[in-house]
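Residue numbers (the numbering used here), protein chains in the order written: chain S, 61 to 487; chain L, 61 to 487.
Warning: the hint list may mix true and false statements.
No distinction is drawn between identical chains; accordingly, a pair holds when it is met within one copy or between any pair of copies.
[As the list claims (entries may be wrong)] List of simulated lysine-lysine pairs, DSBU-like, C-alpha gap at most 35 Å: (1) Lys484 <-> Lys93; (2) Lys197 <-> Lys388; (3) Lys197 <-> Lys389; (4) Lys484 <-> Lys333; (5) Lys93 <-> Lys389; (6) Lys333 <-> Lys93; (7) Lys388 <-> Lys93; (8) Lys389 <-> Lys236; (9) Lys484 <-> Lys197; (10) Lys484 <-> Lys388; (11) Lys93 <-> Lys236; (12) Lys197 <-> Lys236; (13) Lys333 <-> Lys197.
Since the hints were made in silico from the structure, they are not lab data.
Number of protein chains: 2
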Amino acid sequence: MRLVVIGAEAAGLSAASAARRLDPSLDITVFEKTPHVSYGACGLPYFIEGRVRSLDELTVYSAEYFARERNITVRANSEVVAISHPRREVILSTGGRERYDKLIVTTGARRDLSALPGADQPHVFTMDTWAAAERLKQFLASRRPRRAAILGAGYLGLEAAEALRTQGLEVTIHQKTGDVLRRRDPWLTRLVADHLERCRIRLLLDSPAVSVPDSDLVIIACLYRPNTLLAAEAGIEIGRTGALRVTPRMETNLHSVYAAGDCAETNHLVSGKPVWMPLGTTAGKMGRAAGANAAGARQSFPGITGTSIVRVCGLGIGLTGLSEQQAKKEGFDAVSVRIEARDRPRYFQGVPVSVQLTADRRTGRLLGGAVIGERGVDGRINVISTALASRMTAAEFETLDLAYAPPFSNVWDPLLIGARQLAKLLH
Amino acid sequence: MRLVVIGAEAAGLSAASAARRLDPSLDITVFEKTPHVSYGACGLPYFIEGRVRSLDELTVYSAEYFARERNITVRANSEVVAISHPRREVILSTGGRERYDKLIVTTGARRDLSALPGADQPHVFTMDTWAAAERLKQFLASRRPRRAAILGAGYLGLEAAEALRTQGLEVTIHQKTGDVLRRRDPWLTRLVADHLERCRIRLLLDSPAVSVPDSDLVIIACLYRPNTLLAAEAGIEIGRTGALRVTPRMETNLHSVYAAGDCAETNHLVSGKPVWMPLGTTAGKMGRAAGANAAGARQSFPGITGTSIVRVCGLGIGLTGLSEQQAKKEGFDAVSVRIEARDRPRYFQGVPVSVQLTADRRTGRLLGGAVIGERGVDGRINVISTALASRMTAAEFETLDLAYAPPFSNVWDPLLIGARQLAKLLH
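Let the hints inform the model, and build the full structure from the sequences given.
Following this line, the structure appears as structure tokens:
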């Protein structure tokens, strides 16, 4: 039995590793079009910022490691240009053909710059790949740009803004819509906009980039799309989200062909609908399920609550589930509360934490939340995510037994204060 | 209608406030035997340490605040010495009698020193009350003790040890049993013992205090018992735990009489059995339910997962649910994993976090967990607590959508690494 995996990042390597654990006899080959295997692309903004000194620091495991420790062949610089499923073959850019019994597609996502005039100029960069980050770093060192324009106020746009601001540039973020972080949430947008202003980063909302703006340096942190061309040409179905459609076992419509990671959609546990939300953690979980199933197991990945977190100039912003506006769009009778409370007693230097919680008025079910503050954001957003995964109501959430001691929290955690107000609204 | 509450700390004042919100016409009086109303007793170790400069900093609200803002009469220095339920009266130490229609008992807990010879000496202290903490602080300033003995390695014992070590004392903790923090967990005990050794705090296990040990200063942080005498004399039933037995609505066996807080037992959501685990957060939630029900609502408090957290000399220790040993005692086929992983990438100064997860082999259900580290303990223990409250299995826990970005975490959170190993053991 031969398993072929296309792509050697989180999803592809998790898939290969999961398959190996289940079947020691499987012949496993991973094809990677770039020279770089298994690196943490989420660290690229911190390479630009200077905190990560060398991109090698981001490499988790080498191809040699996979060969030696897991008996997995990882072939870097090997681009798959076509899949011939009737022949069970992938075709490489060299013209070579490689047979498979099972195939896992993890082709990721990319910036689609085709509709952006001027994107091919030398001062325009993306920040998604090793090569792009290296070129940007060199540009910063050699050209010393003074002004930077960033297209997109998603998490990468915010991280890029911080990285460049730290380098002393004047930074302007251009965001197509009137909101940030794809939440359609005016409250969140206001909080983030105010914070960016304090950090002297300009945020222009409702500012669609019809072309590349005038600046010394332009970073494209929008127009991110699932990389589905190869799969689509092979007849793999694409879902409504534009990403590859998969079952909870990561099966595509083609027999013995799986897809996972940023090229595929997944199930949103709150809306119950397919969603495309490309993130490394999800990619790893999807990859594991794909690999296990390709090796003959029956393993499902139930989906995501849609949790994300970003830090920009000291402020942590955690999001999960649906915002009130998103929930209404999904047909929920959504209602929200927003509170601000200190995370700890004053004698332990408590700082304010903002919490937003959204629930469905009809069922009381919690639908989403946001936590924003200098500290204590990750733990709290994860508590909300866990509650969403188990379909808790606001009333149940209010009785959670959260840890309390003065060095860590106040008696009434901001989450519980928020939940209490929400439960009152629902009565 | 007249509501009388005995005790003006977390449970009593939460009860009075919840009753007021529901019924603006209720006549509410709270009797408090000490001069101190609504202060955070959990902050007392930090008063001894010196971080809290004055005990007034710990006061949340004054009696005047309750009178003015909530129309609640709080009578400090007013000890209730008897309850005459047939007459619906409480009797004060002054001989005065006060009528009630509804009564809420929140008499808290206390150290029972009757079986400890020598406990009445002037160098022996508890650290549970305002008065005790004040006396201890004066003793430290005037006598300048060099050596301190602490009886009990529960969370108060550990906090006291840190507070006195910070003041430069040589500290020895005497613990009756062979474990710490009441978990019967050798792994936890070893981690805590090693840490205390590094902090130059002596921990003597299996060291029952038959009498007060020889030292310049002795702190009693054991022998904590529910304060049930008053209630028991009035005919209120006591449960197996030794605390007052209450329904999920906080009703005692006497009609119109409720109990809440450290004097009462509650339901353990994992074992499904009554438990006595006195903590301020639980007291507040129980108080709210008692107050709401006394005012005519129907509100339940489902119980606790048994979450606690303590910091000792920089190390955070979070616990929730049952330890493996406790779970076995409760009849579960318990199995545990213990892992250590960095909380963040190295370029964000990741530090090791230890995670222990316990599940039931028969059902896969998660039963408990521990998180130990310099950082990131509170958020993670709260995630486990949330999972326990919704009876998640280890397999479900493994797919949780936890927030990831390099400033906050690694791609695979230590919780997910632990859950994965646990799920493998259960297959």
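We went through each hint and held it up to the structure:
no., hint, result
1, Lys484 <-> Lys93, "between (55 Å within a copy, 33 Å between copies)"
2, Lys197 <-> Lys388, "neither (42 Å within a copy, 57 Å between copies)"
3, Lys197 <-> Lys389, "neither (41 Å within a copy, 59 Å between copies)"
4, Lys484 <-> Lys333, "both (29 Å within a copy, 29 Å between copies)"
5, Lys93 <-> Lys389, "neither (39 Å within a copy, 55 Å between copies)"
6, Lys333 <-> Lys93, "within (32 Å within a copy, 58 Å between copies)"
7, Lys388 <-> Lys93, "neither (42 Å within a copy, 52 Å between copies)"
8, Lys389 <-> Lys236, "within (20 Å within a copy, 60 Å between copies)"
9, Lys484 <-> Lys197, "neither (52 Å within a copy, 43 Å between copies)"
10, Lys484 <-> Lys388, "within (20 Å within a copy, 39 Å between copies)"
11, Lys93 <-> Lys236, "within (32 Å within a copy, 63 Å between copies)"
12, Lys197 <-> Lys236, "within (26 Å within a copy, 61 Å between copies)"
13, Lys333 <-> Lys197, "neither (40 Å within a copy, 60 Å between copies)"
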